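S.K.: Once you've looked at the hints, dock chain B against the given chain A.
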Amino acid sequence: MTDLVDQTARSAAPARRLRLPRRLGAWLALGYVLLAVVVTVLIPFLPVQDPDAQELTNTLGPLSADHWLGTDDLGRDLFSRLMWAVHTSLLAALTAVAVAVLIGLPLGLLAGYVGGWADAVLSRLADVVLTVPALILLLAAQTALDTGIQGQMVVLGVIFAPRILRVVRTQTLQVAAAPFVSAGRMSGCSHTRIVGRYLLPGVRAQLAVQASYLLGLSLVVEAGISFLGIGVRPPGSSLGTLLIGASSMLSTEPRVVLIPAVVLTLLILSLNVLGDQLTEERKK
Amino acid sequence: MTLLILRQLAGRLAVAVPMLLAVTFGTFLLLYEIGDPAAAMAGEGASADQIEQIREDNGLDRPVVVQYVSWLGNVVQGDLGASMQNRGDVQHLVGQYLPPTLLLSALAMAIAVGAALLAGSLAGMRPNGLLDKVLQGVSLLGIAIPNFLVGLVLILVFAIWWPLFPAGGYRTPEEVGLLNTLNYLFLPAVALALSLMCLQTRTLRASLRHEYRMDYVRTARMKGASESQIFFRHAARNAAAPLVTVIGLEVGVLITGALLVEVVFAVPGIGTLTIESVRGQDFPVVQALVALFGAVVLLANLVADLVALWLNPLSRSKA
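One line per chain: the protein sequences are A and B, in this order. Under the working numbering, the first residue of the first sequence is numbered 1, with each subsequent residue one higher. Under the working numbering, the first residue of the second sequence is numbered 1, with each subsequent residue one higher.
Extracted from the complex, chain A is given alone in its bound form (with noise of 0.2 Å):
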């Protein structure tokens, strides 16, 4: 019998499956995401140059064999140092995404299942949180704590965590509606199950879009307070190190500036186009 209302709930909850992006810009998109997921698991397996070697007899070097992107203002390698920025600023993004889904998710689906209570105070929080900019937030909480980048990405999901919450109660307050869930609970299911198998699939694709455009937004925020010497501090590297003292360089030298410019506006831009695709297809 639960088994039968489980069918019944798969094929009319509002979750119908995400089908591949068509258009053609979605797929670059997608293509360029890949290709930085890839290059953010291999990087550390694969034969690139040491990024924090200074060959101070080269620097800011032009393109050549041995640097396939030139050198830095210390000779260092542009190459290797950018597909390290690239590692440590999505793992970074991931991790804050991350910690804002564990914490948006679960409150989420509380506020918008049990209600009442629950989502009153849930909901004011959401609000007083969402009031300040993220960036200030992540800036207060780093002068009281004062951590390094793993530290300030967590703090940054906690921060961003309210925005998923919101996304998932107003899915799940949609799906809860819908009379299978009312069939499940008189067929005897238990509110676990009502939320695993009945609620979950109604979120999941909100919640993608969402996660793919503050996926984006973490990036900004990472390269925002690495760049200003707060965040990934030098000589690591990251999208944002790698921009540092960018404007003395500028006129010398602007390809060491402009390629991490370019290499992280398109990957911004890939993440909400992605979204942006998952919001059309959803519609659809």
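Bear in mind the hints are in silico, worked out from the structure with no lab data behind them. Model, not experiment: these values are computed from the prediction. Quick reminder that beta carbons are idealized off the backbone N, C-alpha and C, glycines included. Honestly, I wouldn't trust all of these hints.
For each label pair, taking beta carbons as the anchor points, the in silico distance ranges come out as [as the list claims (entries may be wrong)]:
1) Thr219/B <-> His191/A: 47 to 55 Å
2) Ala177/A <-> Gly95/B: 50 to 58 Å
3) Ala177/A <-> Pro173/B: 39 to 47 Å
4) Ala177/A <-> Gly169/B: 39 to 47 Å
5) Gly115/A <-> Ile160/B: 40 to 48 Å
6) Arg218/B <-> Leu173/A: 34 to 42 Å
7) Val38/A <-> Gly137/B: 23 to 31 Å
8) Leu3/B <-> Leu34/A: 40 to 48 Å
9) Ala177/A <-> Asn183/B: 38 to 46 Å
10) Ala65/A <-> Val157/B: 45 to 53 Å
11) Asn58/A <-> Gly59/B: 51 to 59 Å
M.R.: Structure of chain B alone, referenced to chain A:
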């Protein structure tokens, strides 16, 4: 009408004021309960006894609620406390760093709104036209690219390759006159304006498209009203309401963006003060700044709501 606005104002204040209190209290908890101002004051290498001494001397050993209430009491009287890094009163610090940021934000918002009104109107009147397509592409990029990167590119193009503007720095209007000050602030303002403008253009385009499909536009057309009359007298006013709401919501983006852009262009504004205070763990300054940012965001949303209400009669009847 006035009565309605006043009632709305009272209702919204009743939400905004507790919200601001919650924000400041939350920040206070974060800074003074989870964080350790005494340790930050003592600096590295201080002994536990020294830290304890500082804690007692500054009243940091009191319960955090007591500390908060005394902070709040001082704030109401216009006293934001004193910097822990011997930089004087917080209100003087803020007063000193605020003018460049205000000028920069106002200029950025003016550029953004001006450009968005023009681009959004043209795109909204001719949806799917050439201009509309181009703008859609531009706005996708404009929203994705972080403000400070836009700033770097602007420096490269308009200060190094084609030196029209200074690459950074700031002079007060008293020193060099308003026009020269704005010359310093122009590139950072454009960097800030880009993402704001893109969102505004999208909003205005969408709401104009919506209005152009309404019956009243068709009626106006049947009466023989000219296109410009339809636009200015009928559609634009209603379509502006969502735009105003978005502008209100964008104030948060503006603050965050100004932080980084000020650093890129070496403008001594609130963003610079914030970064310095975070680096130096200057607790009272950070507490005051978060309160200030929270208040600005809440105030902006409130004003935007009221203006939208005044612009669009339909939302009045809903409210």
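S.K.: A separate judgement is required for each hint: does it hold in the structure or not?
M.R.: A quick look at each hint next to the structure:
Range check, Thr219/B to His191/A: about 54 Å between beta-carbon atoms, so the 47 to 55 Å window is met. Roughly 52 Å separates the CB atoms of Ala177/A and Gly95/B, a value that falls within the hinted 50 to 58 Å. The beta-carbon spacing between Ala177/A and Pro173/B, approximately 58 Å, falls outside the hinted interval of 39 to 47 Å. At about 58 Å, the beta-carbon gap between Ala177/A and Gly169/B misses the expected band of 39 to 47 Å.
Between Gly115/A and Ile160/B the Cβ separation comes to about 58 Å, which falls outside the hinted range of 40 to 48 Å. Between Arg218/B and Leu173/A the beta carbon distance is about 37 Å. The supplied range of 34 to 42 Å therefore holds. Between Val38/A and Gly137/B, the C-beta spacing of about 27 Å keeps the proposed range 23 to 31 Å intact. Leu3/B and Leu34/A have their C-beta atoms about 59 Å apart, which leaves the hinted 40 to 48 Å range violated.
At roughly 58 Å, the beta carbons of Ala177/A and Asn183/B sit outside the given window of 38 to 46 Å. Between Ala65/A and Val157/B the Cβ separation comes to about 31 Å, which falls outside the hinted range of 45 to 53 Å. Roughly 57 Å separates the CB atoms of Asn58/A and Gly59/B, a value that falls within the hinted 51 to 59 Å.
Taken one by one, the earlier hints fail for this structure at numbers 3, 4, 5, 8, 9 and 10, listed in ascending order.
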